[in-house]
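With the hints as your guide, set chain B onto chain A.
Just so you know, the sequences run in chain order A and B. Under the working numbering, the first residue of the first sequence is numbered 167, with each subsequent residue one higher. Under the working numbering, the first residue of the second sequence is numbered 1242, with each subsequent residue one higher.
Careful: at least some of the hints might be erroneous.
For each label pair, taking beta carbons as the anchor points, the in silico distance ranges come out as [stated by the list, open to error]: (1) A:Ala-746 <-> B:Arg-1361: 41 to 47 Å; (2) B:Arg-1361 <-> A:Glu-764: 43 to 49 Å; (3) B:Ala-1346 <-> A:Ser-221: 24 to 30 Å; (4) A:His-680 <-> B:Ala-1346: 18 to 24 Å.
Distance condition first, Cα-Cα at most 27 Å in a straight line; then the derived DSS-like pairs of lysine-lysine [what the hints assert, rightly or not]: (5) A:Lys-396 <-> A:Lys-634; (6) A:Lys-678 <-> B:Lys-1344; (7) B:Lys-1244 <-> A:Lys-282; (8) A:Lys-688 <-> B:Lys-1269; (9) B:Lys-1370 <-> A:Lys-753; (10) A:Lys-407 <-> A:Lys-673; (11) A:Lys-197 <-> B:Lys-1269; (12) B:Lys-1269 <-> A:Lys-282; (13) B:Lys-1269 <-> A:Lys-246; (14) B:Lys-1370 <-> A:Lys-282; (15) B:Lys-1324 <-> A:Lys-799; (16) A:Lys-246 <-> B:Lys-1344; (17) A:Lys-678 <-> B:Lys-1324; (18) B:Lys-1344 <-> A:Lys-282; (19) B:Lys-1244 <-> A:Lys-197; (20) A:Lys-673 <-> B:Lys-1324; (21) A:Lys-753 <-> B:Lys-1244.
Don't read these hints as lab results, they were simulated from the structure. Even for Gly, the Cβ is constructed at its ideal location relative to N, Cα and C.
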Amino acid sequence: MIKEPNFTGKRIGVYICQCGSNISDYVDVEKVREEISRGKGVSLAKITMFACADSAQKEIVADIQNEPLDAIVVASCSPKLHLNTFRGVAERGGLNPYNYVQVNIREQDSWAHSDKPAQATLKAIHLIRAGIAKVSLSEPLTPMTIPAENSVAIVGAGVAGMRAAIELADLGVNVHLIEREHFVGGRVAQWGKMSMTNQTGEEIITELYHEVKKRESIRVYTGANIIASKGSIGNFNIQVKIQPRYVEPPCDPESFKKAIEACPVEVDDEFNFNLTKRKAIFFNYRSEFPAMPVVDMAACTRCEECLKYCHGIRLDQQYRIIEIHVGSIFLATGFNPYEPKKGEFGYQEHPNVITFQQLKRLLDLTKGEFRFRGKKIERVAFIYCVGSRQIDGENKYCARYCCTSAIHAAIQLRQELKVPFIYHINKGIRTYGKQEILYEQSSTSGDVYLQFVEDDPPVVEVLNNPIKVTVNDLLTAHMEVTVTTDLVVLITGMVPRVNTELISILKVPLGKDHFYNEIHPKLRPVETMIDGLVIAGCCQGPRNIAESASSALAAVSKVYSILNKGEIKLEPTLAIVNPAACEWCGKCLEACPFDAIERIETEKVPVARIIESNCKGCGMCTPVCPTEAIDIKGYTNPEVRSMIEAMSG
Amino acid sequence: MEKDPPKILVFSTEKISDPALDLAGLMKLHYPPTVHAVVVPCSSSVRPSWIMHAFECGFAGVFIAADGSDCPYGETCIEKTAKIVERTHVMMREKGIPTENLKMAAVCSVCAELFVNQMRLFAGELADKTTNAT
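So here's chain A without its partners, still in its complex pose (with noise of 0.2 Å):
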């Protein structure tokens, strides 16, 4: 027996589509029409051939005139393809296009039934009367408009936020460029040169900060961090902390390289990664932007050797709190090396084995003969997916950018460094795309791959000099190879940028890989749960500089097109409070991740408000209401119940 939705004296169509004959194959439209017909409320049941065609649409529309109907159920493909050409046609007949409710009898039936047609057919039924259940109670919604900021926060002036500021004030937005560092160029300024092009990293840098200067609608602000975000989409109100510099124009350049020499303090250069020293008052390199060099205050002695030499230095300079007010934010954090454990292939146990950013920071230093703690390197080996890859360790994914930057690191040592002897002890090199050039030039030019797997790392022996490295190699029917070397380079890979201060403020939802996570990584790549909230480069997962560009100019498109028409439109499917079953016991609260949720008095009694510019509709609020004073809009108690009702045959 086929149970009846309740009556609620709506006047429904309900349209079956045969989808050419994807679904009529298999399911009896005509014995689903004959079934659908006879339930109350059904003023007309329909076949058509395909319900998205053209003509299909007009029918539609006339008969929501002509009959007239006040709701209509579409019997057809996945929802995820045609459930807003639907909303359309009912809104172009007149109708609110939440009084329209989309079946998906193909992909969740016709198809994974295909085998047994009769019982597809009565699935059809079912699923069809879960349809007219639910639109005969919906609601009419309607989409909140809210106006929009034509601004942007950016975080992160690497080259994926630098490269989206430049876009979207060409586009006419007004860019807040937010840097961390007192320095912009984030990971890539640390990088030398690259492949494929051999441009360096700082060349690279310097030439997206002097088009970014060139604008003037973006405001960047170094040493910076974003302390508060209060509102939503198209109107997002974020506090700014601006850490003080202690240095300000004017002063030339001669007379900072002059407060530099005088500083007493030396300390380790982090942006060297240690392998060098640096100045309390310092620039990272030369061409640095903004061109002007910061005291490190945790380190200065407050000596005033440099103030001999340059007036610009204030080393009372306070931070300060400002205010911006933009429509959206777009997250360019980036990410962090992995740092080796203590002990992990010999790291930290002897000064030979160092990171593959450590190496990138030896080449671009490197003039002449390559020497290392002042003897010449005449042997590397590279051992490769260090920190990635890992099948019992936390970083399961492969940091992609690593195998093609090791094999260029590798050609430039052998080419312009002259080292020999280079082995790269890896487990299945993935230079992939045009990036293979790269391990064909390697491999015929004498460096030696020997490959292992995962359950049988290389071993490295550092008590004696030279380090050996004993692999059994896969390549070579796992024939034990030792290899003795000057040099160990552990190719580590990338991990999400420690943020979590700017995570629990944005409340950015984050993967199983502990990146930001995008809605869907193929269909909304650069979008995320927070409306109005984008990312883009390597804080969403392991990127090589082109694919970070590529994600920036996706995510910049995204902004763009949130912001272009002034006003804004929010799906209505929000969290709703019925204040008269409320008894205000929190739990809708505590379970609620988006701030979306606030105690108020009516007549001086406490209950849950919905603000509804925070909602994301997720309906955690939901099951934890002991009273279920709580529903979600288009998904609400009364909705569900008879959908089940009904499915239950």
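Relative to the frame of chain A, chain B by itself:
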């Protein structure tokens, strides 16, 4: 005459697990036609009362196709969905419904085969129970 497999109600999620159900159809992967899905925004929005209502309406099993760690609304989804199952288990015990009749598994947006295998397995287990009971 072949007996109909047990009825299973699936709570699938709009952005993560329901696309996997669509993909299963696209790949023509067959599972029992007595499996019906209700789409919800997030697996942590499923009310225990809905699950109980499904049992009352005659569904032999309920399956939550959870977002798991892919949930676009955040990491707390896993814990919250687990709590929903825990609370429902208490209600099921009170009504004498075996707790195994409610299952939950993370189903990602491309986990079509996983979903189909889960459904076949679950339907088989429920059918075995019915046979043993009779």
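Hint check:
1. A:Ala-746 <-> B:Arg-1361: 41 to 47 Å: Since the Cβ atoms of Ala-746 (chain A) and Arg-1361 (chain B) sit about 46 Å apart, the hinted range of 41 to 47 Å holds.
2. B:Arg-1361 <-> A:Glu-764: 43 to 49 Å: With a Cβ separation near 46 Å, Arg-1361 (chain B) and Glu-764 (chain A) satisfy 43 to 49 Å, so the hint holds.
3. B:Ala-1346 <-> A:Ser-221: 24 to 30 Å: For Ser-221 (chain A) against Ala-1346 (chain B), whose Cβ atoms are near 43 Å apart, the range 24 to 30 Å is violated.
4. A:His-680 <-> B:Ala-1346: 18 to 24 Å: Check passed, 22 Å falls within 18 to 24 Å.
5. A:Lys-396 <-> A:Lys-634: 56 Å, violated
6. A:Lys-678 <-> B:Lys-1344: 22 Å, holds
7. B:Lys-1244 <-> A:Lys-282: 13 Å, holds
8. A:Lys-688 <-> B:Lys-1269: 22 Å, holds
9. B:Lys-1370 <-> A:Lys-753: At roughly 37 Å apart (the allowed maximum being 27 Å), Lys-753 (chain A) and Lys-1370 (chain B) break the hint.
10. A:Lys-407 <-> A:Lys-673: Measuring from Cα to Cα gives roughly 19 Å; hence the hint holds.
11. A:Lys-197 <-> B:Lys-1269: 23 Å, holds
12. B:Lys-1269 <-> A:Lys-282: 12 Å, holds
13. B:Lys-1269 <-> A:Lys-246: Distance ~18 Å between Lys-1269 (chain B) and Lys-246 (chain A) Cα, so the pair holds.
14. B:Lys-1370 <-> A:Lys-282: Given pair Lys-1370 (chain B), Lys-282 (chain A) holds - Cα atoms ~23 Å apart, limit 27 Å.
15. B:Lys-1324 <-> A:Lys-799: 23 Å, holds
16. A:Lys-246 <-> B:Lys-1344: 26 Å, holds
17. A:Lys-678 <-> B:Lys-1324: 20 Å, holds
18. B:Lys-1344 <-> A:Lys-282: 25 Å, holds
19. B:Lys-1244 <-> A:Lys-197: Given that 27 Å is the threshold and the Cα spacing comes to 22 Å, the pair holds.
20. A:Lys-673 <-> B:Lys-1324: 22 Å, holds
21. A:Lys-753 <-> B:Lys-1244: The given pair, whose Cα atoms are some 45 Å apart, is violated under the 27 Å limit.
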